[in-house]
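Protein chains in written order, with the UniProt record's numbering: chain A, 1 to 429; chain B, 1 to 429; chain C, 1 to 477; chain D, 1 to 477.
Worth flagging that the hints you see were computed from the coordinates, not collected in a lab.
All figures in this text were calculated on a predicted structure; none of them were measured in a lab.
Any given hint could turn out to be false.
Stated by the list, open to error - Only part of the chain C face toward chain B is listed, based on derived beta-carbon distances under 7 Å:
| no. | residue |
| --- | --- |
| 1 | MET23 |
| 2 | THR54 |
| 3 | TYR84 |
| 4 | TYR363 |
| 5 | TYR368 |
| 6 | LYS369 |
What the hints assert, rightly or not - In silico DSBU-like pairs for lysine-lysine, Cα to Cα no more than 35 Å straight-line:
| no. | chain 1 | residue 1 | chain 2 | residue 2 |
| --- | --- | --- | --- | --- |
| 7 | A | LYS293 | C | LYS411 |
| 8 | B | LYS35 | D | LYS411 |
| 9 | D | LYS119 | B | LYS293 |
| 10 | B | LYS169 | D | LYS156 |
| 11 | B | LYS292 | D | LYS40 |
| 12 | C | LYS425 | B | LYS293 |
| 13 | D | LYS255 | B | LYS160 |
| 14 | A | LYS414 | D | LYS102 |
| 15 | B | LYS153 | D | LYS119 |
| 16 | B | LYS28 | D | LYS358 |
| 17 | D | LYS425 | B | LYS189 |
As the list claims (entries may be wrong) - Covered stretches of chain D (chain A as the covering partner; in silico rule of three or more C-beta atoms under 8 Å from a C-beta of chain A):
| no. | region |
| --- | --- |
| 18 | 81 to 95 |
| 19 | 317 to 329 |
Even for Gly, the Cβ is constructed at its ideal location relative to N, Cα and C.
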Amino acid sequence: MSETDEILDYLNVKSVDGLFSDIPDRLKVSLDLGKPMDEFSTIRAIEDTGRKNKAGNMNFLGNGIYDRFVPPLVDEIIGRNEFLTSYTPYQPEISQGILHSLFEYQSIISDLTEMDITNSSMYDGFTSLAEAVRMAYRINGKSEVLIPENIYKSQLSIIKNYTEGLNLKIITYGFGTDGLLDLEDLKSKVTSDTSAIIVENPNVFGLIDENAFHVSEIKKDSILITYYDPVSLGFIIPPGEYGTDIAVAEGQQLGIHMNYGGPLLGLFSFKKEYVHRSPGRLIGLSKDSEGKKAFVMTLQAREQHIRRSRAMSNICSNQALLAVASLAYLSIMGSEGLRKIALITMNKSRKLKNNMKSAGIKPVFDGINFSDNLFYFDRLEILESNNISGGIRLSSISEYNGYGNASFFSVTEKTGDENIEKLAKILGD
Amino acid sequence: MSETDEILDYLNVKSVDGLFSDIPDRLKVSLDLGKPMDEFSTIRAIEDTGRKNKAGNMNFLGNGIYDRFVPPLVDEIIGRNEFLTSYTPYQPEISQGILHSLFEYQSIISDLTEMDITNSSMYDGFTSLAEAVRMAYRINGKSEVLIPENIYKSQLSIIKNYTEGLNLKIITYGFGTDGLLDLEDLKSKVTSDTSAIIVENPNVFGLIDENAFHVSEIKKDSILITYYDPVSLGFIIPPGEYGTDIAVAEGQQLGIHMNYGGPLLGLFSFKKEYVHRSPGRLIGLSKDSEGKKAFVMTLQAREQHIRRSRAMSNICSNQALLAVASLAYLSIMGSEGLRKIALITMNKSRKLKNNMKSAGIKPVFDGINFSDNLFYFDRLEILESNNISGGIRLSSISEYNGYGNASFFSVTEKTGDENIEKLAKILGD
Amino acid sequence: MYRQAYYDEDFLNQFNTGNDFYMDDVEDSYPESIRRKSLKLPDVRSVDVSRHFTRLSEMNYSVDLGMYPLGSCTMKFNPKYANYAASLPDFRDIHPMESQLKTQGTLEVMYNMQQFLVKISGMDYATLQPSAGAHGELTGILIVRKYFETRGEIDKRNEIIIPDSAHGTNPASAVMAGFKVVEVPSNENGLVDLEALKAAVNENTAAFMITNPNTLGIFDDQISEIATIIHNNGSLLYYDGANFNAILGITTPGKMGFDIVHFNLHKTFATPHGGGGPGAGPVAVKSFLMDFLPVPIVVNDKGTYSLFYGLKNSIGKVSSYNGSFGVVLRAFSYVLKNGNNLSANAKRAVMNSNYMAKKLSKYYKIPYKQLKKHEFVLSTENTGRKALDISKFILDYGIHSPTTYFPLIVKEAMMIEPTESVTKKDMDYYIDVMEKALSVPEEELKQSPVNTSVHRIDEIGAARNLILKWPAPTENH
Amino acid sequence: MYRQAYYDEDFLNQFNTGNDFYMDDVEDSYPESIRRKSLKLPDVRSVDVSRHFTRLSEMNYSVDLGMYPLGSCTMKFNPKYANYAASLPDFRDIHPMESQLKTQGTLEVMYNMQQFLVKISGMDYATLQPSAGAHGELTGILIVRKYFETRGEIDKRNEIIIPDSAHGTNPASAVMAGFKVVEVPSNENGLVDLEALKAAVNENTAAFMITNPNTLGIFDDQISEIATIIHNNGSLLYYDGANFNAILGITTPGKMGFDIVHFNLHKTFATPHGGGGPGAGPVAVKSFLMDFLPVPIVVNDKGTYSLFYGLKNSIGKVSSYNGSFGVVLRAFSYVLKNGNNLSANAKRAVMNSNYMAKKLSKYYKIPYKQLKKHEFVLSTENTGRKALDISKFILDYGIHSPTTYFPLIVKEAMMIEPTESVTKKDMDYYIDVMEKALSVPEEELKQSPVNTSVHRIDEIGAARNLILKWPAPTENH
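Okay, chain A solo, but in the shape it has when bound (with noise of 0.2 Å):
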């Protein structure tokens, strides 16, 4: 007697069939999805569609996302079945692993930025963005957000989408002709009603932004929100050093593969006296009843699980395994690791710079640039005849108003410098 013959016929039916009897015979359908399939044709089948994508290896695309180096022992670590097969720790005494790996991941961002206290992930870098906005919000309840006239359309789409209903007003403020932020119109827009100002370091044209820097000086009574590249901050100030009260960022660079873009990783951190405000799970160190250290989830009171729609956001699954493998990456690369790639990268947009400039395309600025660089070019098909992936326009990812016909070429620690050689050749010819 089969398994399910044993278990229906204590349930008294005949088949399966009898436990759905609940469901009116009228709402019932059929599957139309093909026939199952074995493993090896479904893998098969997967790769085949997998040798489609052909992107080659001139990859000079960033703008948030990068190419950059995941070491083999990160994808092992959040390959352990352990980790990778477990639910959000809500028994915590069989949880201890993953626990303790969040309170470390939390721990090693906060020492990354400089800010008090990081929460276990949020989504990715734009919502923890928009989060941030609320967040601002829910501390102060004024009505205005400054915002750079740069910003990327998907990031100011994601805050509108995040803030309806709050009724805030979003301002933009200017930038230079060096490309950093202009310290002074943003100074003149700051008001008593202004809840949260919003900068970008590096911003959003590639530049290492040092106006950035003095903006706690003028923020006055608003929460300044810094949207940070983390491992730009192998090597520059960070935002908990420049008076930052919520620093947020994308972590995918921090060992997770690019996968067209998702799943991603959403840092967020904050200043301590404001973490009953704060959105996420957070997870606390404390002690089991023998004295052992042992780690929690806590203050879930302020979680859509416990207080619904008086939450401080509706976040519940997070990106717990990919927090898991910032954290992995950050230990093996360590400070001077860490430093040594923000160097080379920085390195390898200068020499990008250069070599374009020596090709007669001119950088839209001077300054230092993290991965992006703008340039001034936009024959965009000289590009795809030779297989360049690369070439984004300003004006397809800004609002912004000048350049329009610029475009950028981003680097990282594995851009070849064979390849940046060739591009400048090519495009130069």
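Take the given structure of chain A and dock chains B, C and D to it, following the hints.
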């Protein structure tokens, strides 16, 4: 103070070189292996080298190693750190995971072959065959071994190497025009000096050899060694059922990638009365001091680390991890899965023979083939120009005298029907 | 007998074993003005990183260790072929802004997954952009908002009705999208109280958000009537897909009259939950709402796939790029492989749930005596024992506890969802443990768990004395 | 504090949960005469296979869990980039008889690895064919045999001399290749007793097989003198490479006067040991022995690589195809990445060994007071406690014991090889545990281990009541 400095301090030496003062300077060297590389560059260099391999998907290679489907679950299991990076379980209390698994491997291969006992793995199929000849000699001390006339050259070479110093005489027996072993010829060669008879099934011609089922009837006092194909046992009568004393095989097909032919897995089974003469490691079931089920390596007194020059074999490292792979593979497939894979293989061979016949290329034998099929075909240049892998000449892998210009085309469950049709069409043209 | 591993594991920043990630020296000629003063990441060798996480992982329960019947979480087996698919460099190493000409494989998977979801839900169009279930809810409710905006009704239509048995994300998402939440109580059968619903529905009602079967595991057969009530009021009906595993291939939200559906790929479609995420929360809608979907969606023109941005009333973006493609690819593999057999999974899940419910009803009170779907809720109230204590006792047997204290309408609730991935043997073992939890002395129950890495944890202390970051490393001598 | 996981794990053939590996039906029209009557593989679902092995793996110690100082086993960290290299389909999915035109990448790796090994050993040619260290020994000794055969001396040259401190594989391999073994005792310093060696060397001597540093971890600085004695007798000098990690980049067997060397890639070159294997045991020789190597070897003609079979005195084959390429590729990755820095690994390994030896000499007798190389041997005899008991006690602290009762010339021996992959902290912890083993009551020692999955096992019972196969499955009802 760095760790190194602390340790050197404690050891009272100025530098690590001071710890090499016992090696005379005239013996000292410096390496000439190139500069160290970072991890990314290392991986890139290896990936680039890999791309120089150009194996296509028209693959009809076999003759002992087969491109079968490896379920990703198998790779995951043997990729678990705790299995992958452990040593031989010399301390069983802390090594129950691998011991339990190897005990199950022994069991499942015994069930598959219907033999009494299986050891916990040998290097590969051919060395297992040679070890079986040595074991037979240890059992009965007789001076002749009967081998099939069509035996692979490599098998023969290894048997000769492994029996250096035993003064064994190797005698071949013949095959009928139906490609099956010649029972009469074999019978005529069995004497009171016969130590062992080697039978291969499927045989080197790729045929399921029904005559092999009757060798035990004529073997007299000798040891019957059967070299089998483990996947074929999903459907075919197993060696234990036809009087085999020692059954050996190559286990690569059971969930192990081809890897250019290694590492492999030697399956080694035998009747229980011979256990004290057997080579290799054996895992036994016992109890711990609390009465819990517990496993240990047992009968170690047969092995080199105890018995040294009087050991049953010199084998020390074996193929434990791949034994676990084969266990996982067989468990995932189950009886019904393995039966289907065997049947699909035979059906594909039949289809290949039919299509080739229709295309005017004659199979050498009419019998039932498992994976390997021998055809009268020697225009190997056609294969190369059409990027087809296959067409191994019988004469290149066996000393068999006859069918000199015949060559092999092999199939597995992965061989696409469309490729079979394409092959026949191309070769027939 | 069971014993979870325990290691007294240090924090990574306490190792001080010396980083060994080799890289050549790098030129540094940048000004002091941008340079950080110090950076204190852990200083640890790769071997120690590997050991640290291997040890930690052994202190974590997971689907690959045993039964994990968290109600509403659908912790089914995550097949390894799907992980393999997601590991293929052809998919994994693609930048989200890569040319569409060079990403036809990726776009094909996305298009086909959209179509799978459309068929499975009885909807017309789908977006893969949301990152998780709650994110899908937010997306769905933003679509509701935009729909009424374009109709000029948004000032009036400012309420979302939600049953009291709903998942907590429902009201939270509704509020994030700028709506007020109106809660309607369940009736004595645990279903929507139609009279209460009718009373709640009015000119302010934008939508009704429900899941069916609901969080009690009960299929609400009034659903067509509910749809009529809502639609007659000009409101929309939203399907919370968290419980989709119960109806997969049996019925569809489309048939039931829903206008918007979100999916949890990490539940119904077997993608791994990763200790909390990532998930993916696609949304499907009836055709009249297609124009409001986030952009881009993937379209197919005779086998050429492209990203389509031309939805003129689109709500825009809800996530940074194209959604959680890595998760979508796993779910796609699962659907491709199972095809029409997917309904067999739903059937087995429902069968298992009813088996456990009937068996456990001997010991525990199961309110709302009806046929269960994929999950059911019991109360420990009748036993005099706390759901909390029983949930801790269960852990001692190497299995995970059910969801506890949810839904809120059942006291001392335990919500059990076995899924199709468990065997009768697994369930019988589980039932035995739950029976045993009633026969051991109360004191023993209170002291459990003792076989897990750590014993019961002081959760109140954690909130009171908030420690959210490791201490600074002690100096190495 | 440490506690290893424990699961009371069934045998796979007891699960009876029903196989769920889906395949379409297959036509079957074959005669009864070839068909097996029944096949009883486990009848188990994939989810249970996954859980079974996940649980079992947590009951297994490994390098990725902590220090593993088994003497002569070189349990160093197995870098993950090497695993990644071995997982590349471009290498992994290649058939051994694939055309050489289509396998230039594979052949290039093999050729370069041969060259790496030649440089590292100071030899002239190498074969990658042997599957393990002992297999390399057999190969080397078969070369010795063939060498004397071609010189017509094999009838006379029928002895191999081996020190009493040698690894057990040495005499076993020599015998397998048809030689008699002559053992020479070590002198009071643990080194080769030159007088005894001279007495043993005669017209029957084919070769002398030694490892240097030897199994006591001592470098024998008489090696050049030994080489002279052996060569003057017309015999060959064989280097057992099990201890190569001590001299990597410091000296070479070539410099020392050896003619034949085998390597253990799974020791010196950091490939994982897999619970017992696979390993790989390449052999390198001086040019006068090149003609005797197994075929094929890989040769390089201006960047085109090919398999060369034209060694007219080749011993032929020792393994089925081309050797353990998957293992070779990992080792190649390791050498490629570390390059000339490899000697730093050797130095750190030797430093760690000397540190532990000096520290432990406070508590344990360490015979042969000399500088140690990569490992050292202590005796517990002076403590009144058994090496066996101490080795079990160590396990209770979440670390693996040293090799015990080897080499045979030291009573109550513990052979400790920390490798370069451990930190001072790891070693100090280890030393503390070994100190503690002397201070706890004898009774406690005898009862250890208690923190491992199982307690002390009845090994004698296992041999007496031999159970080497699971019981037949109990019927499911």
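Here is what the structure says about each hint:
Annotation: C/MET23 was flagged as interfacial toward chain B, and the flag holds, the nearest CB pair being 5 Å apart, inside 7 Å. Interface hint at C/THR54: satisfied, since its Cβ lies 5 Å from the closest Cβ of chain B, which is below the 7 Å cut-off. The interface hint given for C/TYR84 is met, as the beta carbon of that residue sits about 4 Å from the closest beta carbon of chain B, less than 7 Å. With a cut of 7 Å, the hint placing C/TYR363 at the interface with chain B is violated, because the nearest CB-to-CB distance is about 30 Å.
For C/TYR368, the interface hint is violated, since its Cβ never comes within 7 Å of a Cβ in chain B; the closest pair sits about 39 Å apart. Annotation: C/LYS369 was flagged as interfacial toward chain B, and the flag is violated, the nearest CB pair being 39 Å apart, outside 7 Å. Straight-line distance between C-alpha atoms of A/LYS293 and C/LYS411 comes to about 32 Å, which keeps the hinted pair within the 35 Å bound. For the hint linking B/LYS35 to D/LYS411, the alpha-carbon distance of about 44 Å lies beyond 35 Å, and the restraint is violated.
The hinted pair formed by D/LYS119 and B/LYS293 fails the criterion: a straight-line CA distance of about 49 Å is larger than 35 Å. Between B/LYS169 and D/LYS156, the direct Cα distance comes to roughly 22 Å. Compliance with the 35 Å bound is thereby established for this hinted pair. A threshold of 35 Å between alpha carbons decides the hint, and for B/LYS292 with D/LYS40 the separation of about 27 Å falls inside it, so the pair holds. The suggested pairing of C/LYS425 with B/LYS293 holds, with an alpha-carbon distance near 21 Å, which does not exceed 35 Å.
Annotation: proposed proximity of D/LYS255 to B/LYS160 holds, straight-line Cα distance about 33 Å (limit 35 Å). With a C-alpha separation of about 29 Å, the suggested pair A/LYS414 and D/LYS102 falls inside the 35 Å cut-off, and the hint holds. Taking the CA atoms of B/LYS153 and D/LYS119, the gap is near 32 Å; set against the 35 Å cutoff, the hint holds. Simply put, B/LYS28 and D/LYS358 have alpha-carbon atoms about 25 Å apart, close enough for the 35 Å limit, and the pair holds.
For the given pair, D/LYS425 sits about 68 Å from B/LYS189 by alpha-carbon distance, which is inconsistent with the 35 Å threshold. Judged by the Cβ-Cβ criterion of 8 Å, the region 81 to 95 of chain D is covered by chain A as claimed, because 3 of its residues qualify and three suffice. With a threshold of 8 Å between beta carbons, the proposed coverage of the region 317 to 329 of chain D by chain A is violated, since 0 of its residues qualify and at least three are required.
Hint compliance for this structure: hints 4, 5, 6, 8, 9, 17, 19 are not met, and every other hint is.
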